[in-house]
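As given, the protein sequences belong to chains A, B, C and D, one line each in that order.
Counting with our numbering, you get residues 605 to 1078 for the letters of the first sequence.
Counting with our numbering, you get residues 605 to 1078 for the letters of the second sequence.
Counting with our numbering, you get residues 9 to 447 for the letters of the third sequence.
Counting with our numbering, you get residues 9 to 447 for the letters of the fourth sequence.
Treat the hints as calculated values from the structure; they're not laboratory data.
Treat the hints with care, since some could be wrong.
Restraint ranges, calculated between C-beta atoms of paired labels, are given here [said to hold, decoys possible]:
id, chain 1, residue 1, chain 2, residue 2, range
1, D, Asp355, B, Glu1078, 19 to 25 Å
2, D, Ala189, C, Arg67, 45 to 51 Å
3, C, Asp421, A, Met635, 30 to 36 Å
4, A, Leu1056, B, Arg782, 58 to 64 Å
5, A, Thr618, B, Pro985, 38 to 44 Å
6, D, Ala189, B, Glu899, 30 to 36 Å
7, A, Ser911, C, Thr303, 48 to 54 Å
8, D, Thr377, A, Asp901, 48 to 54 Å
9, C, Ser206, A, Thr1067, 40 to 46 Å
Cβ-to-Cβ under 10 Å is the rule here; a few derived chain A residues that face chain D [what the hints assert, rightly or not]:
id, residue
10, Thr614
11, Asp650
12, Glu685
13, Ile687
Far from chain C, some chain D residues (derived; all Cβ distances over 12 Å) [said to hold, decoys possible]:
id, residue
14, Lys45
15, Asp48
16, Ala52
17, Val186
18, Phe187
19, Ala189
20, Asp224
21, Lys254
22, Arg308
23, His321
24, Arg323
25, Asp325
Every value quoted in this text rests on a predicted model; they were computed, and no experiment measured them.
The beta-carbon is built from N, C-alpha and C at its ideal position, and this holds for glycine as well.
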Amino acid sequence: MSVIFKHSKTGKNTVRLPELPADIAMEIPEMYLNDGLDLVDVSEVDIVRHYTRLSRMNFGVDTGMYPLGSCTMKYNPKINEDIASLPGFLNIHPLCGNDLSQGALRVMFELNQYLSEITGMARFSLAPAAGAHGELAGVMIIKKYFEMRGEKRTVILIPDSAHGTNPASVAMCGLTVREVPSTPEGDVDINALAGMLDSSVAAMMLTSPNTLGLFDRNILRISELLHKNGSLFYGDGANLNAVVGTLRMSDLGFDIIHVNLHKTFSTPHGGGGPGSGPVGVSAELEKFLPVPLIERDEDGYRLEQDSPDSIGRIHSFYGNFLIILRAYAYIRSLGGEGLRDVSRTAVLNANYCMSRLRDDFHLPVKRTCMHEFVLSDKDLPNGVTTNDIGKRLLDHGFHAPTVYFPLLIPGAMMIEPTETESMENLDAFIDVMKGIKKEIIENPDAVKNAPLTTPVKRVDAVTAARKPVLRWEE
Amino acid sequence: MSVIFKHSKTGKNTVRLPELPADIAMEIPEMYLNDGLDLVDVSEVDIVRHYTRLSRMNFGVDTGMYPLGSCTMKYNPKINEDIASLPGFLNIHPLCGNDLSQGALRVMFELNQYLSEITGMARFSLAPAAGAHGELAGVMIIKKYFEMRGEKRTVILIPDSAHGTNPASVAMCGLTVREVPSTPEGDVDINALAGMLDSSVAAMMLTSPNTLGLFDRNILRISELLHKNGSLFYGDGANLNAVVGTLRMSDLGFDIIHVNLHKTFSTPHGGGGPGSGPVGVSAELEKFLPVPLIERDEDGYRLEQDSPDSIGRIHSFYGNFLIILRAYAYIRSLGGEGLRDVSRTAVLNANYCMSRLRDDFHLPVKRTCMHEFVLSDKDLPNGVTTNDIGKRLLDHGFHAPTVYFPLLIPGAMMIEPTETESMENLDAFIDVMKGIKKEIIENPDAVKNAPLTTPVKRVDAVTAARKPVLRWEE
Amino acid sequence: MYTSITESDKKSMLKSIGAGSVDELFADIPASILLKKPLDLPAALSEMALFEHMKSVERSNAAPISLLGAGAYRHYIPAVVNHLAGRSEFYTAYTPYQPEVSQGTLTAIFEFQTMMCRLTGLDVANASMYDGATALAESIIMALRSNNRKKVVVSDAVHPNYREVIMTYCGAAGYECVFVASSGGVTAAADIERAIDSSTGAVAVQNPNFFGCIEDIAAVAEVAHAHNAAAIMSVLEPHSLALLKKPGALGIDIVCGEAQGFGNPIGFGGPMLGFIAAKNDYMRKIPGRLVGKTTDDDGREAYVLTLQTREQHIRRDRATSNICTNEGLCALRAVIYLSYYGNKLRDLALYNHKNAVYVKNLLIGKGFTPVFTSPFFNEFVVHFDNMASVYEKFRRNGVVPGLLLGDYYPELDDCLLVSATECLGTGEIEHMMNILEKI
Amino acid sequence: MYTSITESDKKSMLKSIGAGSVDELFADIPASILLKKPLDLPAALSEMALFEHMKSVERSNAAPISLLGAGAYRHYIPAVVNHLAGRSEFYTAYTPYQPEVSQGTLTAIFEFQTMMCRLTGLDVANASMYDGATALAESIIMALRSNNRKKVVVSDAVHPNYREVIMTYCGAAGYECVFVASSGGVTAAADIERAIDSSTGAVAVQNPNFFGCIEDIAAVAEVAHAHNAAAIMSVLEPHSLALLKKPGALGIDIVCGEAQGFGNPIGFGGPMLGFIAAKNDYMRKIPGRLVGKTTDDDGREAYVLTLQTREQHIRRDRATSNICTNEGLCALRAVIYLSYYGNKLRDLALYNHKNAVYVKNLLIGKGFTPVFTSPFFNEFVVHFDNMASVYEKFRRNGVVPGLLLGDYYPELDDCLLVSATECLGTGEIEHMMNILEKI
Ligand SMILES: Cc1ncc(COP(=O)(O)O)c(C=O)c1O
Ligand SMILES: Cc1ncc(COP(=O)(O)O)c(C=O)c1O
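Isolated chain A, as found in the complex (with noise of 0.2 Å):
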């Protein structure tokens, strides 16, 4: 059985409703009213069973390592999940006024210090909902700053590495795209950047560590040359899980950065979200951050509306809060010593897995690398891609890599083993891409019609985009 609907017949459903303290009269003319759902009906068991099993067709962190780049996939811990289920903060309403939701405040409050603790900046807004939204409220602060200026600087430089949110948020305001070209050893290319900074430039936006899992090593010179242009520095902070602990993003000169709590700070990814994109700024961009603040004084912590500079509001409510409450929880576990274990760890990973896959296969970078590295499928004999890599790991029971990004490298694989992957893991992962590799050579078919073991086969992709069917009929 495929989709729920499947399972549907009338008068399966014997949910029993609650009733009605007396006999009250229905208050809305019939001509509002429509005349019965067409949604599904279906008993509790069918629920249970389609539910549990659609759960069993996929593939988490908790059921192996899922090395996918730039996402840093990270174990959840538990214990967050249990304080996310805590009902004084599930159940609290966000409209119940400051001196009822003290708790839920203090942990907004608390987190927004711990974060400029983290990253240096002077100040972050929580509203953001995921990284993406982030970007595009550091973008409004980008093109507010200017405005209020009355500066017309229009134009962001993005690396041709940058993830393809970066672009597009900038799209959303209104601005143009500027590509600044890479080295081949996966810096910024600082020349060709010198020569494209002119008073049309209102920023740049850097992912640090950069999706290639490089530290760039011009970056503070990057940072002078955009000062002194009048231009702000964005940084893309959703790679932090690298340096943090290790190092300020301050002080690599951003003035704007956004983090995800969903990567570094261990929030879990929910099969595409909630996550959680703050977007922290240097003191002198804070008037600019959307509404509402949260303030502290003697009574308390408050929400502040009043901020005449800001950019607006960006949310509905505050943003995503219970994400925002793992991430706390999850400072809280580690503190100082155990965020730099983090990064140093998360780094030693990476290094370990680059230095006992680069014989295997291309690592189109030889550099010591961060959180994570590139390879490629360049070179590979009989035809055999990245996808097809990629797609033999799911049989041996690892996640793929994050595939074909960053694009700059024809066929990336990126792999990200994260922090909470032991030694055992690491080098089973190894076996198996070695074990890749020799069928690459000697049963390439192997690899090419893989997988075999997954829920279902190679998925066809092209029909679906071709002919959508979007939505279940009968």
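Position chains B, C and D with the ligands against the provided structure of chain A, taking the given hints into account.
This is chains B, C and D with the ligands only, laid out in the frame that chain A set:
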């Protein structure tokens, strides 16, 4: 990786322990202390992955239909799990005193009343932790009853179809089991029974409906014979699901019964427990019930330890409270009508399956069944056995029936669909059974080599018993 | 604490790497910026101490009886929702990029899309948006991009926070928002029409609107279409969809909003569950993920992310939106919730309405006056002289009786927006009435 | 409510059966006893109403600060335990009769057996018993059956409830229990020896005993063995095993008891987690399920229920016990718990001991006197004149400071058995001391 021990390596466990309030000296002399443990040294991630993986090697009611006869593997409502996770129930200490545990005592008191209403027995003890424990208490009551009357009766009659716990419970009380034969139609052989009754017979234990899934047509006569003989009549209520809300066990003449909350009242079986097997008695036998009892007066509910004729205490505390709680919630969610619907649907489902399978498999007793029915492997071609059929069912996502029980039907397959299976599921099960029948004829090896799609193939139980390895050794 | 590389592991790993120490791995970072001491954060806690700490923080939130709605609704969450969405294969997965090991998430999202289409009467629904406000903002942008116009006309009976968010988004994107005053608690089509000009590409209303009143959305659609503008309806209390006529059938082009009420807790306002459903014309313009039905190599039914050329990771600065991570797990919760109630969701919606009517009548009995006469779903506005003091009285007695509207609409001073769902029990209602007794 | 046979299903099913109505299916039951009207039970509740009801019942339990132990111990349960034991494949499975689809349960039980062997220093451990009391009763019966004797000598420092249970069991089975008075809080080997005669087949003590004191179990084993009797040790606070020498190494033949403290809630005293571990000699005599290691048809490691000829379903009246359903899920919780702490369980045990010492010293500071001088693990007995009134004072202030012993041991009137685990926090201890302040 098979067992958690395989993940063990010195130093992997990084659990942080709480901190002591002060520097406190140890007061136990060295001579008593060990010098370290040899349990295991693994990380939290190891644990989560290992037990998640193990869970996925299990079949449960939530993964599919579980027609395991005599076990009543019905759906276990999720809300009852939530109720049994409320901290006020989880954390209440059994010795905290009546005034502080009124909620728990109320649940036990009221469930006792509900069970009385449902079965007609005057009173229950909820102390037995499982059905067999209830039986044991029941047999102790029988023994004590005759001791107090000064009668020396040492024989307990048990039909040949009985569950193994019945004779075993009798033996634990130092009494003697005598087996009563059944007629070919599955009733107790009433003539044989009459011939066995003498002054040594303390009681007869009868499962009703019996383990063939049949309602004994002579049951009132049996009860009459026993009582005329001065013997007691014990009802094994493990199969109450067939008649709950439809009749009262007391009306069958039983003086003592036990019921399995983990069957009829839907508490999950936990992969082997915990269960709960309350023992209920007629008014005359109340005074023998195990202590403590729960009483109610103007001050509320209280535990009563004082009961001079009681058989005594049978549990460290008061029984499996958290299971009792789930059964209580189940009864409150169904009410009288709902419980009646349980038995009627359970019986309908069983008869439907029987009607559709009787032409494909040997049906030893051809009568309307109750909540379950028994097929056998008699006359199957190509040497295929009941065991093979059970294994083949696993390949199709169904649990096997209870096999080779009851003992009086060679090659028995005892099928209990329960009321929570939909007609679609019953039909799917029937289709698979019919398909297996076809395979038995056309391709018997497919059945004999089954299962093929399960986490492991057929398991070698013979070697396990011959050379027992009962703990892990590196 | 969640790492498990032992000291001996570290040694052999460094050896394989060819590095003498972990510090060496950070050699690309200028020494000047490497932190010299650990971050100044509270000391690490044991799990037990952490849980105690968090429970004490939790307790500093109050747990009042709440009649607050206004975009975040308290509905009973059936036990199956937590149990099933709590299966870790669901919540520890990433976005389903590898369909062969993500059929669970993909199938569930496909079902969610289907159910949202069925509830709205529209053709395409996406896999979720951040929340109702950004769903509205992105719907407006989608509509304006589609017909290449610059202006959206929006009812002022749209949630004030939502209006702020669309101003933020439209402002940044260079679009103009024109607000139309409601009258008598609803938005007159004629008033909308007056605000429309040739540059208007979209009209947006909320239904039930911020006051809980039911709008005449058929008339709104008609007037929008008369000017070749898209008709957008935002819905914040999704249970209303189960009782009212399908907006798609009434001519609405885009229904967007908030589906938190379907099986998701309020959680201080987040995560929420934004969604967009639209007519087929928008299929290639809709923001966010879409799951499509297809087959695998063996020809078996399978699901996959599709039409990805709309999205940022392919289209970059020409994508339909920048959204990447969305609210997938909330959508999963919603689809389990919707399966649980199924077609009985209408009965539940009716229960909500009647419970609200019941509370309203009791309040009228206590001297409150209803402010609007238009029909409402499960939320309504009442007036009381010197409302602020009654409000404080309620709060002191553990009840938040609703939302004071004076801050949002000065003309609605002394007015209270009251929401009653199935969760508002008779005991709670009695308690409220007893408080009023003493006034 | 949990059925889903529709009216039309029913019709076609009855047709297939050849019956005219469901009533016909009950034709074998004498009409006289078929119930004519539904049972008189409270009306069925919706899930929401049920949950509200149960929460109100829950709230009528108090949630005091508790220093009660005495066989049921409050230990912090790491989050992983609930999450993993809450996987429904575990808890909705039956006893693992079909090993091919039960490797999860089987492997976990095998691990549990292993860990219990490692903690006790013994060879064989079973898959669980109902609770500590019945585990002791069945251990005694196992020992007496093995050496064909009739009498067991038991320390009176065994938990009073346990002593009652073994009397019930032994009485029914025809065995005799002789109790030996402890002195100074411990059981002297000489006193035990005096109670032994030629019919004595077993000696049983509890360690740490009911007073929390550590017994000299090596001496107990020696004296038992000198008379060819089995030495049985019951342990109720299983964390003590992590700190003290392995009883198996000290000569104990059978260790049985209660492992609830390993990851299981107190739950008003049930379900508990009884266990029995014993020397190899008892392998074929031990009650309950055993899981053994073997291979499948492909030669892969696999686990299976084994030595089933001991059990009731094969041996019937000659089985080693009547136990069938046990406490499997509690054993699963225990093994997850033990994996979580691993070898650090010793540190946790030490923490327990020290916290208890800390509390004891504070109480001494407040004028309480320790009753025994023997070393204790995490439970101890203190005396205070007119203890009852102090006790009431504590209770009125939300603290149950322990168990009054007068009811159980008249000579220990005004004595209190106090247990302190890692869960007793400094805040709680302070609160207690503040209460004493005011006495
Ligand atoms: C480098 C980078 N930037 C931005 C994002 C966008 O974050 P989100 O998916 O939370 O919107 C991601 C995540 O995929 C990323 O890897
Ligand atoms: C008929 C019958 N009697 C007794 C029992 C024993 O119940 P329990 O396993 O709860 O001890 C069972 C369960 O297997 C049974 O089916």
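Here's how the hints hold up against the structure:
{"no.": "1", "hint": "D:Asp355 / B:Glu1078: 19 to 25 Å", "result": "holds, 23 Å"}
{"no.": "2", "hint": "D:Ala189 / C:Arg67: 45 to 51 Å", "result": "holds, 48 Å"}
{"no.": "3", "hint": "C:Asp421 / A:Met635: 30 to 36 Å", "result": "holds, 33 Å"}
{"no.": "4", "hint": "A:Leu1056 / B:Arg782: 58 to 64 Å", "result": "holds, 59 Å"}
{"no.": "5", "hint": "A:Thr618 / B:Pro985: 38 to 44 Å", "result": "holds, 43 Å"}
{"no.": "6", "hint": "D:Ala189 / B:Glu899: 30 to 36 Å", "result": "holds, 33 Å"}
{"no.": "7", "hint": "A:Ser911 / C:Thr303: 48 to 54 Å", "result": "holds, 53 Å"}
{"no.": "8", "hint": "D:Thr377 / A:Asp901: 48 to 54 Å", "result": "holds, 51 Å"}
{"no.": "9", "hint": "C:Ser206 / A:Thr1067: 40 to 46 Å", "result": "holds, 42 Å"}
{"no.": "10", "hint": "Thr614", "result": "holds, 7 Å"}
{"no.": "11", "hint": "Asp650", "result": "holds, 7 Å"}
{"no.": "12", "hint": "Glu685", "result": "holds, 7 Å"}
{"no.": "13", "hint": "Ile687", "result": "holds, 9 Å"}
{"no.": "14", "hint": "Lys45", "result": "holds, 28 Å"}
{"no.": "15", "hint": "Asp48", "result": "holds, 24 Å"}
{"no.": "16", "hint": "Ala52", "result": "holds, 16 Å"}
{"no.": "17", "hint": "Val186", "result": "holds, 43 Å"}
{"no.": "18", "hint": "Phe187", "result": "holds, 39 Å"}
{"no.": "19", "hint": "Ala189", "result": "holds, 39 Å"}
{"no.": "20", "hint": "Asp224", "result": "holds, 33 Å"}
{"no.": "21", "hint": "Lys254", "result": "holds, 26 Å"}
{"no.": "22", "hint": "Arg308", "result": "holds, 23 Å"}
{"no.": "23", "hint": "His321", "result": "holds, 32 Å"}
{"no.": "24", "hint": "Arg323", "result": "holds, 39 Å"}
{"no.": "25", "hint": "Asp325", "result": "holds, 42 Å"}
Checked against the numbered hints above, the structure breaks none of them.
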